[in-house]
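Asks: Sequence:
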Amino acid sequence: MRPRHIASGAFSFPEPAMRLVVTEADTVRSQFEAACRRLGDGEARRVFSMALNMEGRKALTAHRRALVKQSSIPRSDVHAAVRFTQATRSSLETRTTGSGRHLPLSRFGAKQFSYGVRAKLWGKAQMYPSAFVVRRYGNNVYKRTSAKRLPIEQLWGPAIPVEMLRDDAFEAWAAQSPKIAQEAQLLFALMLSGVAIGRQGTP
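End of the sequence shown = 205 in my numbering, gap-free, step of one.
Any given hint might turn out to be false.
Computed list of lysine-lysine pairs in DSS-like fashion (alpha-carbon distance at most 30 Å, straight line) [claimed, not checked]:
#	residue 1	residue 2
1	126	145
2	126	71
3	60	181
4	181	122
5	122	145
6	113	126
7	71	60
8	71	150
9	126	60
10	113	145
11	71	181
12	113	150
13	71	145
14	150	122
15	122	60
Computed Cβ-Cβ distance ranges for the label pairs, DEER-style [stated by the list, open to error]:
#	residue 1	residue 2	range
16	139	183	49 to 59 Å
17	179	150	51 to 61 Å
18	146	85	48 to 58 Å
19	117	148	17 to 27 Å
20	126	184	31 to 41 Å
21	91	71	32 to 42 Å
22	90	131	49 to 59 Å
23	76	40	44 to 54 Å
24	90	132	49 to 59 Å
25	140	90	19 to 29 Å
26	153	117	16 to 26 Å
27	43	179	21 to 31 Å
In short, the hints are calculated from the structure, not lab data.
Source: prediction; values computed, not measured.
By construction, the Cβ of each residue, glycine as well, lies at the ideal position given by its N, Cα and C atoms.
Please construct the entire structure, taking both the sequences and the accompanying hints into account.
Replies: Structure follows, in structure tokens:
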């Protein structure tokens, strides 16, 4: 069942676990072809895989940091769910992969007050009038669906795969592309000048 967004900013039903994969390869294609003509296919692939991995890891760090700030998702959850797959000479692409469901409000410091519940999501305190914390169910947050005592439904916060494609988090990842091209150009120039390049891309 898909989540129903409610005015307070939470979700009333979780989606099944989601998985997002973002890749980077095509932006350096023309440079790679030029390098093949000058260095040979094997060395060109080594240069570009190093450039992809160096800038890809930097983008991963920036992406994770932006996710935490943007969504208020705990750093430990972001680091566990967002993974990096490095480029190889054969693949010449990096992958930043995020997976997971919408997170329960208990992960966002939900606290009970007389009016309902307060939790910090998307960088600021969110109010959930008439909601309540149920300690026996992991301090998760619920609200009644009608004036009757039952049934109740659980409220949910953001999901990492959704947040990865939004606002500052996505911009942090997208900023990777021009930096890959710049790093590849630097390594390419160093190799043509006779400088030996190590496995980590350093002379």
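Asks: Each of the hints needs a verdict: does it hold here or not?
Replies: Now for the hints, and whether the structure bears them out:
Between the alpha carbons of residue 126 and residue 145 the distance comes to roughly 21 Å, so the proposed pair stays at or under 30 Å and holds. With a CA separation close to 10 Å, the supplied pair residue 126 and residue 71 stays within the 30 Å bound. Under the criterion of a C-alpha separation no larger than 30 Å, the hint pairing residue 60 with residue 181 is consistent with the structure, at around 10 Å. Among the hinted pairs, residue 181 with residue 122 is inconsistent with the structure: their alpha-carbon atoms are about 34 Å apart, more than 30 Å.
About 18 Å separates the Cα atoms of residue 122 and residue 145, which keeps this hinted pair within 30 Å; it holds. Simply put, residue 113 and residue 126 have alpha-carbon atoms about 14 Å apart, close enough for the 30 Å limit, and the pair holds. Restraint check for residue 71 and residue 60: the C-alpha separation of about 17 Å stays at or below 30 Å, so the hint holds. At roughly 38 Å between alpha-carbon atoms, residue 71 and residue 150 are farther apart than 30 Å, so this suggested pair is violated.
Distance check on the hinted pair: residue 126 and residue 60 sit about 27 Å apart at the alpha-carbon level, within 30 Å; holds. For the hint pairing residue 113 with residue 145, the CA-to-CA distance comes to about 14 Å; that is within 30 Å, so the pair holds. As the CA atoms of residue 71 and residue 181 are separated by approximately 23 Å, the hinted pair is consistent with the 30 Å bound. For the hint linking residue 113 to residue 150, the alpha-carbon distance of about 23 Å falls within 30 Å, and the restraint holds.
Using a Cα cut-off of 30 Å, the hinted pair residue 71 and residue 145 holds, with the two alpha carbons roughly 27 Å apart. Restraint check for residue 150 and residue 122: the C-alpha separation of about 28 Å stays at or below 30 Å, so the hint holds. The straight-line distance between the Cα atoms of residue 122 and residue 60 is roughly 28 Å, inside the 30 Å bound, and the hint therefore holds. Checked against the given bound of 49 to 59 Å, the beta carbons of residue 139 and residue 183, roughly 50 Å apart, stay inside it.
In this structure the hint that residue 179 and residue 150 lie 51 to 61 Å apart at CB holds, the actual value being about 54 Å. For the pair residue 146 and residue 85, the beta carbons lie near 39 Å from each other, so the given range of 48 to 58 Å is not met. Remark: the range hint 17 to 27 Å for residue 117 to residue 148 is upheld by a beta-carbon distance near 19 Å. As the Cβ distance of residue 126 to residue 184 is approximately 36 Å, the hint placing it in 31 to 41 Å holds.
The beta-carbon spacing between residue 91 and residue 71, approximately 35 Å, falls within the hinted interval of 32 to 42 Å. A beta carbon spacing of about 53 Å between residue 90 and residue 131 agrees with the range 49 to 59 Å that was offered as a hint. For residue 76 and residue 40, the hinted distance range of 44 to 54 Å is satisfied, since their beta carbons lie about 47 Å from each other. Between residue 90 and residue 132 the Cβ separation comes to about 54 Å, which falls inside the hinted range of 49 to 59 Å.
Taking 19 to 29 Å as the suggested C-beta distance range, the pair residue 140 and residue 90 does not conform, at roughly 41 Å. Judged by the Cβ atoms, the range 16 to 26 Å given for residue 153 and residue 117 holds: they are separated by roughly 22 Å. The given range of 21 to 31 Å is respected by residue 43 and residue 179, whose C-beta atoms sit roughly 23 Å from each other.
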